[in-house]
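Enquirer: Residue-level listing of the chains:
Protein chains: 2
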Amino acid sequence: MPATSREIRLKSRPAGVPTHDNFELATVELPDPGPGEVRVKNLWMTVDPYMRGRMNDAKSYVPPFQLGEALQGGAIGEVAASNAPELKVGDLVNSFFGWREAFNAPARILEKLDTHGLPPQAFLGAAGMPGLTAYVGLLKVAAMKDGDVVFVSAAAGAVGQVACQIAKIKGHTVIGSAGGSEKCRYLKEIGVDHVIDYKAETDLTAALMRAAPDGIDVYFENVGGAHLEAALTAAKPFARFAFCGMISDYNTTDVGTGIHGLMQVVGKQLRLEGFIVSSHADMQPAFARDMAEWAASGKITWRETVEEGIERAPDAFLKLFKGENLGKMLVKLA
Amino acid sequence: MPATSREIRLKSRPAGVPTHDNFELATVELPDPGPGEVRVKNLWMTVDPYMRGRMNDAKSYVPPFQLGEALQGGAIGEVAASNAPELKVGDLVNSFFGWREAFNAPARILEKLDTHGLPPQAFLGAAGMPGLTAYVGLLKVAAMKDGDVVFVSAAAGAVGQVACQIAKIKGHTVIGSAGGSEKCRYLKEIGVDHVIDYKAETDLTAALMRAAPDGIDVYFENVGGAHLEAALTAAKPFARFAFCGMISDYNTTDVGTGIHGLMQVVGKQLRLEGFIVSSHADMQPAFARDMAEWAASGKITWRETVEEGIERAPDAFLKLFKGENLGKMLVKLA
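Protein chains in written order, with this note's numbering: chain A, 1 to 334; chain B, 1 to 334.
Hints may contain errors.
Only some residues are given here: those of chain B computed to face chain A with a beta carbon under 8 angstroms [stated by the list, open to error]:
1. 53
2. 67
3. 70
4. 244
5. 260
6. 262
7. 267
8. 271
9. 274
10. 279
For the record, the hints were derived by calculation from the structure and aren't laboratory data. Owing to the predicted nature of the structure, the values given are computational and were not obtained by experimental measurement. Backbone N, C-alpha and C fix where the C-beta goes; we use that ideal spot for every residue, glycine too.
The shape of chain A in the complex, shown without the other chains (with noise of 0.2 angstroms):
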């Protein structure tokens, strides 16, 4: 039987800051499934930062989103009609049909869902793609090695909160940021050996080194400006920066902040490297098995900052840049 959908439309592009009004929900009908479809209705949607990148009309690694089309995204949902043998009713399934509530799809493009006992949500977060951001940061592009003292900027985000507990778990020292009260308590109760309230400090860089005096090893980078000036002037002797993303500059409407102090990127024979998890997939294997068992053992664990409902979705995106999200922003869709 026939169904309807609403989705999220990007109705202009921002300039600068996102606001509602490039946004535009509307309602589509979906026909029965195809042959060798299915029809699947969505349960949670992720918004990510980096999305705010595919809203401008530029060349990048992924290509723009089309105005007047629906947004796309990570989308954990269950399959409500099948016209394929691969896909039975009721299966979870996970794929980059976000921002609406329901959609068909080939059942050969989306991939089945086996939760291992976790909440299905967590594949979009903590053992999903922001998980596997953390993992491929510290250990491949960072290359963190034994006695590493460990910065993470947005260090209660969604892929910070993971950065910090498997730095913990592989014995390191960490340093976290993050703004306001609230995360702060949460990073010390998930290990974080020093915590900085960046908004409490008027000099980041004086903060830093007052918790890590002999200097910072690894930098995981969030979030730019002030953080990575402040990561600059504590890194040790052959310190490494994995750039993970900049959340600072990515509604700013020229080439971004400029950063003061990478002379001592020659001085100090920093690393600094930028990363995509997509392009480090060779490592899903290992993290899944990894992730497995540290929530299993209760050796990481994430927090969620939920809204509900599709007519959510653009104040849910619209509050990671105000840092409103504790851990991974969701969207609950049913």
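Based on the hints, put chain B in the right spot on chain A.
Expert: Same frame as chain A, now just chain B:
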């Protein structure tokens, strides 16, 4: 018999651009060499941009120069008197006792120089530390690979001129930036594919994009500032930047120029890595072999800019920051 030597001392620490007032010429008496010692009469000394950092009273990878003491740096000299079996009068030695006409030192800490037919001062330039710097930066740090488009800033300088030619020998397309028509003419002579006269360009990024419409794979960074920003914008995905120096920032009294566009490090998955040649001494034997062959076969040539007399050493140094050297800046002492 005792002798005298004139030397250049650091009189005061420069604030910003150094001036003649920061230096003083002094004369010292040299006693007869003690047991195991030799007296060396310097023939050539080098001035290099990195010395500016040692004039600050700041922790760095080399300790600061001391006020009232002779400066230090590479020098090629000839043994004038020997009280040691390892070295005899007339032997050439490579030492770190530059900025002075003569000195006494234990023979065991001096490196006897075999020029293999090259002019001795080449071992302060293309066949010495600057040449090794180019070699390490391209072959190890930037890890050039077949088909790379290589951008070199300060391309007509001591390091840059060697970097351009090594990249050409290895079969790469090379873009070199230098200031002024004389330097640019020289770069064409040594086979640089695209020459940018940055002093004649109002938009360096646009000039680089014209030279490399498909982007660059490697950036050999000697300059900082607008050059670095242009390289970030022109970088292809997975481009590697070898940070050798940032001469545009050496004289700033704050933390240096703010660099815009660093967010591209994430999206393009760039690697920016600083290095100091002394950390890569393991490459010296391979460099010496390759350079001897390239020099003998005429595959690598070089230019020098020479000031004469110890009293001109500060001038030679100051000219580095005005870009007045074509190739290696040297001071001829005898």
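Enquirer: Of the numbered hints stated previously, which ones are contradicted by the structure, given in increasing order?
Expert: The structure conflicts with hints 2 and 3, although it agrees with all the remaining ones.
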